[in-house]
Structures are given as structure tokens and as C-alpha cells.
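Peer 1: With UniProt numbering, letter number 87 in the sequence shown gets 87, and the count goes up by one each step, no holes.
A hint or two may mislead.
[To be verified] Lysine-lysine pairs mimicking DSBU-like chemistry, simulated, CA-CA at most 35 Å apart:
1. K43 / K24
2. K13 / K24
3. K43 / K13
4. K43 / K21
FYI, nobody ran anything at the bench for these hints, they're computed from the structure.
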Amino acid sequence: MDSTMQLSPAAAKRVAMIARKQGKPAVLRLSVEGGGCSGFQYKFDLDEPDGEDSVSETDGVRLVVDPVSLDLVAGSVVDFVESLGGAAFRVENPNAAAGCGCGSSFGI
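With the sequences and hints as input, model every part of the structure.
Peer 2: Take a look at the structure:
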């Protein structure tokens, strides 16, 4: 299993902008919680990494994932997309067998 996680350049740019506005470090935490219409849902926060997190970096912005969530999202890419329907972070998760239309939940 590929345990690497990546932020796209568009996501890194958006995280940096949000962090700057909030006066927080440019560190995006991706975690997975039970719920959503497909069984699991993604959660995003600005947060510092702890010792057990998996950490990757794009353009000076770090993406951190806890060990439990990493089992469900290993190999994923976090992107930021803007469309007529709105703007949102999206997770391109190769482990997801099903997903919902909004892209915020998935099933394994």
C-alpha cells in the first residue's frame, strides 16, 4: 500500500492563504470520521503535526494525517477545486470503492 499523501499545488496555495488570514501555521490536517452518506467522511483542520502523524509537504505547506486515518486514505491526493457549484478541498482517494456526489464522504 502506498502510504504517501500529497497536496496539489492548488490546495497548498489555498491552505497558505487561509492560514495567513487566520494567523495559523500552514499545516492542513486530513482525518477520517465515521458518517456521511457513504460511511466515512473527510475532515479538514489547520493543526500542528504530532509525533505519530504522516507528514508531506508541497510548496512549503504541510499535510498531516493520523495513523488511523492514513489506513483509509493512503496514496491520496488532496486538491482544491473551484467551479460554478462552489469551491472545496477534494480528496482523490484510490482506496474508496464508493463516494457521494458532493465528494465529502466515501466507502471502502
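Peer 1: A separate judgement is required for each hint: does it hold in the structure or not?
Peer 2: Structure-based check of all given hints:
| no. | hint | in the structure |
| --- | --- | --- |
| 1 | K43 / K24 | holds, 18 Å |
| 2 | K13 / K24 | holds, 14 Å |
| 3 | K43 / K13 | holds, 19 Å |
| 4 | K43 / K21 | holds, 20 Å |
Checked against the numbered hints above, the structure violates none of them.
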